[in-house]
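Got two chains here, separate frames each, mind docking them using the hints?
Residue numbers (my numbering), protein chains in the order written: chain C, 1 to 115; chain V, 1 to 114.
No lab work stands behind these hints, which were simulated from the structure alone.
It cannot be assumed that every hint is accurate.
Said to hold, decoys possible - Distance condition first, Cα-Cα at most 30 Å in a straight line; then the derived BS3-like pairs of lysine-lysine:
#1 V:K49 to C:K41
#2 C:K20 to V:K42
#3 C:K20 to V:K101
#4 C:K55 to C:K14
#5 V:K69 to V:K101
#6 V:K49 to V:K69
#7 V:K42 to V:K101
#8 V:K101 to C:K64
#9 V:K68 to V:K58
#10 C:K64 to C:K20
#11 V:K101 to C:K41
#12 C:K14 to C:K41
#13 V:K49 to V:K113
#14 V:K101 to C:K55
#15 C:K41 to V:K68
#16 V:K42 to V:K113
#17 C:K14 to V:K42
#18 C:K41 to V:K113
#19 C:K66 to V:K101
#20 C:K20 to C:K66
#21 C:K41 to C:K66
#22 V:K42 to C:K41
#23 V:K101 to V:K68
#24 V:K58 to C:K41
#25 V:K42 to C:K64
#26 V:K49 to V:K101
#27 C:K20 to C:K55
#28 V:K42 to C:K66
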Amino acid sequence: GAVVSQHPSWVICKSGTSVKIECRSLDFQATTMFWYRQFPKQSLMLMATSNEGSKATYEQGVEKDKFLINHASLTLSTLTVTSAHPEDSSFYICSAPGARGETQYFGPGTRLLVL
Amino acid sequence: AQSVTQLDSHVSVSEGTPVLLRCNYSSSYSPSLFWYVQHPNKGLQLLLKYTSAATLVKGINGFEAEFKKSETSFHLTKPSAHMSDAAEYFCVVSGATNAGKSTFGDGTTLTVKP
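Same shape as in the complex, but just chain V (with noise of 0.2 Å):
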């Protein structure tokens, strides 16, 4: 079984300053672990990815994430935040060993103010 459970369902940043979005995930096997974004009525775009490399993991648009396995958190940074960031930010996991099942955790919606 595996699920994901994301902290915070609204962040509020001012524009330039730091970006943190939480993800916690609980996985029976080793995971895979995704964030994507979604602006409003589009589809998904992938930001990131962990598969079982560099626990530290760079994304588009100067986001990154580090997975850190004793926490079973997967949490979403950026340094500088803009206004294109507002938007609608998934964590997912998933695993080859699950027939490749994507588990989506609730969003967090991100508001950027000027």
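Okay, chain C solo, but in the shape it has when bound (with noise of 0.2 Å):
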């Protein structure tokens, strides 16, 4: 089946710092991508839709500057957070679509601490 990477599954920086995590598909491609947010014992949250060749399209609520994302390539989508303080401790999780878009396949996730 479809493998959907990230890197790194860990993180811990310190506030004001920037940190970027990556999103691979690993064996097919994706011109779309999904980030999408976790706080603790809380749901899913979708923050934006990765597009290959074009700006990214954030939710409602999601600062634009300070999650920079940037779809490179086709099996290459990444998430920059910029300026990080500590309430952007959470989640991150990405995800591909399969060939007819109706299955996600989510990456393990990227676990990020802001101190």
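In structure tokens form, the structure reads like this:
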């Protein structure tokens, strides 16, 4: 089956620094990828849609200047949390749709802790 | 527009007894529906999916779900709970006509008592 990887799986950073998270589709191409955020004991909330060759589209309430998304190729999307603050500490998960679009393949997630 | 409602935030069962996790959905088109499980501090694991084929869907680890269009429901069941089933379960609706976006329910925490 289709596999999506994320790197890193864990990151701890100081407040004010920027953190980049990578999402890769390992054995298929994805013109679209999705980024989700999950706070402790909460559900996943869609943050943005990453589009290869064009700008990302952000959900309401998500700051596009804080969460920079770059869909560098058909197999790679990156999420950069700029000037991270403790309230950005969360579990970030990406997904990529399969060939027919209705099945999402989720990455294993990246846990971010901002001190 | 699409939405998902998981009717129970917490479900507690005894080991060996049946499990029922309830999910209702709303969608303006034919939806694809999924159940995922998430163990503590882990990623998501797909249990099963409905994509307009058979309405009774069998998944991994003995789980199954039935798509009922008239009731807009997609409840998850298992005949006999194991201790290892204790986790968070998410019902998800998605659709190719919605740019593939997935909408998650709020989750149901399943506790299995010995």
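Hints, verified against the model:
1. Only pairs whose Cα atoms come within 30 Å are accepted, and V:K49 paired with C:K41 is accepted, the gap being roughly 24 Å.
2. Pair hint C:K20 plus V:K42 holds up; C-alpha atoms about 20 Å apart against a cutoff of 30 Å.
3. Taken as a hint, the C:K20 and V:K101 pair is honoured in the structure, with Cα atoms around 23 Å apart against an allowance of 30 Å.
4. The straight-line distance between the Cα atoms of C:K55 and C:K14 is roughly 28 Å, inside the 30 Å bound, and the hint therefore holds.
5. A C-alpha spacing of about 21 Å is found between V:K69 and V:K101, which places the hinted pair at or below 30 Å, so the restraint holds.
6. Of the supplied pair hints, the one linking V:K49 and V:K69 holds, its CA atoms being roughly 15 Å apart against a limit of 30 Å.
7. With a C-alpha separation of about 22 Å, the suggested pair V:K42 and V:K101 falls inside the 30 Å cut-off, and the hint holds.
8. Using a Cα cut-off of 30 Å, the hinted pair V:K101 and C:K64 holds, with the two alpha carbons roughly 18 Å apart.
9. In summary, the hint linking V:K68 to V:K58 is supported, as the alpha carbons are separated by about 15 Å, within the 30 Å threshold.
10. Between C:K64 and C:K20, the direct Cα distance comes to roughly 14 Å. Compliance with the 30 Å bound is thereby established for this hinted pair.
11. The hinted pair formed by V:K101 and C:K41 meets the criterion: a straight-line CA distance of about 22 Å does not exceed 30 Å.
12. Proposed proximity of C:K14 and C:K41 is supported: the alpha carbons are some 24 Å apart, at most 30 Å.
13. For the hint pairing V:K49 with V:K113, the CA-to-CA distance comes to about 27 Å; that is within 30 Å, so the pair holds.
14. Between the alpha carbons of V:K101 and C:K55 the distance comes to roughly 16 Å, so the proposed pair stays at or under 30 Å and holds.
15. As the CA atoms of C:K41 and V:K68 are separated by approximately 29 Å, the hinted pair is consistent with the 30 Å bound.
16. Proximity of V:K42 to V:K113 is assessed by CA-CA distance (about 21 Å); at most 30 Å being required, the pair is judged to hold.
17. Of the pairs offered as hints, the one joining C:K14 and V:K42 holds, with about 24 Å between alpha carbons and a cut-off of 30 Å not exceeded.
18. With a CA separation close to 20 Å, the supplied pair C:K41 and V:K113 stays within the 30 Å bound.
19. For the hint linking C:K66 to V:K101, the alpha-carbon distance of about 22 Å falls within 30 Å, and the restraint holds.
20. At most 30 Å may separate the alpha-carbon atoms for a hinted pair to count; C:K20 and C:K66 meet this at roughly 12 Å.
21. Under the criterion of a C-alpha separation no larger than 30 Å, the hint pairing C:K41 with C:K66 is consistent with the structure, at around 24 Å.
22. Simply put, V:K42 and C:K41 have alpha-carbon atoms about 12 Å apart, close enough for the 30 Å limit, and the pair holds.
23. Distance restraint check for V:K101 and V:K68: the Cα-Cα separation of roughly 22 Å lies within the 30 Å cut-off, and the hinted pair is therefore satisfied.
24. Between V:K58 and C:K41 the alpha-carbon distance is near 27 Å, which keeps this suggested pair within the 30 Å criterion.
25. Distance check on the hinted pair: V:K42 and C:K64 sit about 27 Å apart at the alpha-carbon level, within 30 Å; holds.
26. Restraint check for V:K49 and V:K101: the C-alpha separation of about 15 Å stays at or below 30 Å, so the hint holds.
27. A hinted pair counts as satisfied when its Cα atoms are at most 30 Å apart, and C:K20 with C:K55 qualifies at roughly 17 Å.
28. For the proposed pair V:K42 and C:K66, the alpha carbon gap of about 26 Å is at most 30 Å, so the pair holds.
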